[in-house]
Amino acid sequence: MTGPLVEFDGVDKSFGETQVLYDVDLSVDEGEVVVVIGPSGSGKSTLLRCANRLEEIQGGDIRLDGRSVIETDVNEIRQQIGMVFQSFNLFPHKTALENVALAPEKVKGVPEAEAKEAAADLLDRVGLADQAESYPGALSGGQQQRVAIARALAMEPKVMLFDEVTSALDPELVGEVLDVIEGLAADGMTMVLVTHEMGFAREVGDRIVLMADGRVVERSETQSFFEEPSTERGQQFLSRLL
Amino acid sequence: MATQTESESSGGGVLMRDRLVKRAGEVAAGGFMLAIGGLLVWILSTQVNYELLASPLIARRFAEAFFLVVQIVVISSLLSVSLGVLVGLGRISTSNVTGRIAKGYVEFFRGTPLLFQLFVIYFGVPRLWATGEFPFSDWAIPAAIIGLTLNHGAYVGEAIRGGIDAVPDGQMEAARSLGMSRVMALREVVLPQAWRNALAAIGNDQIILVKDTSLLTVIAVPEIMSVFRNINSNQLDPWTPLVWVCVLYLAITMSMSQLVNGLERRSDWGSDSGMFGRLSGLGSGGDADGGEES
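Chains as they are written, first to last, in the UniProt record's numbering: chain A, 1 to 242; chain B, 1 to 294.
No wet-lab data here; the hints were simulated from the structure. Ideal placement from N, C-alpha and C gives every residue a C-beta, glycine not left out. Do not rely on the hints blindly, as some may be mistaken.
[Unchecked claim] Derived coverage of chain A by chain B (criterion: at least 3 residues anywhere in the stretch with Cβ under 8 Å from a Cβ of chain B; other residues may be distant):
no.	segment
1	68 to 81
2	145 to 156
3	223 to 233
Start from the sequences, fold in the hints, and give me the full structure.
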């Protein structure tokens, strides 16, 4: 494949009268980890949510593997895009194992035994093999979020979207979730992350995209962004963090 | 310091008052209990004719009425809960038409008395046929089941809708983001949770349904209150049959609440008090601090 795996092309998004994304261009190559940062309300999360059409866009296009997300069946496109949420959103009436196995079983029609076996492997991968039979209510926030990552991976997506996945966690639980994401990066998973964890962004990101007021204001290689941002907005943003 | 002492003493005063209120409550409740209990003992010892109470004739008539009511309750219960699930789904439908029809249905059946609805069905509906053409020879019991089902379907529908509304939006989003269709997400993810949320309200409504069967006496269903009216007018003795009535209704409603409690316990996942929580807690080792809230 030659083109980018994910491509935002002049994306406009409004909630009623309020425009929240203006002409956003962003492309993500296969195996690349792009970290989207920016102040609250800059449209980072909305951008992610547009990619799997949890939000509909009003202008432009988003392409996955060259195919327009807008013109493809929504349930089909979502199977190829894994999403992890700030608030975990695990299904509380299902065990960790069932949470992971549910979608492959119901959506892809994978036989139950096979889906459960794959789910057990995924739980093992996020370090939760011993919690397979636990209900989410009995898991810590960090454990829940790792189950949520396994659940998204179970659909074997082409790209994973992480929407501020550590923001709801107690500080001491952040590390275990970031470790899992780092492991995915090392395995070559294509990822777009929205995060406020700058140290983590620096460590795992191939590229940094800075958003402000619904626009992309800077995109740089990770190292050069943190060493010398090329735009004034980038400098301002970093100086406020330090 | 003066202020310190003051706040301390007022703290002590609050504590004293708390104890006083508690004590007063106990006295009031105890007094009430004694008064009612005394009245009950007095009625049972002076007003109730025990020969009549135990007579096979009365026992048989109440037993027949009781089993009829149980049958009507079981059928109407199953039908009204099924209808309620459909109505609840209709209320959250993305189709405007379905949503409005469900809403209109709920408004009508909650907004008019059950007795009126029973009259419409029992007296009104057969008149829509030419004389002698109405297919039911004994319309009272079918009319009763239809009336109870339609009426309580509306209440159950609202309970289900409330249960669905109480499921966080993130559940639907998470399910949809995995590629599930809306219907699949509702079935697999939202409804099981909505059911648990709605269970207490549904149970409450079904207990009311049991008691609503007493209205059926006015459309000639030979249920428990009809037997009472009959015996009272023959024997001129209200208290003896009233004992029967009370015991029989409590027998049904208390079994009903046992059933609901059982269902609630069964669907209590995750929390440590629940069956599933306890089972899963066994393997979770040092995670006693589980259930991190976001």
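field: Numbers of the earlier hints that this structure fails to satisfy, in rising order
entry: 3
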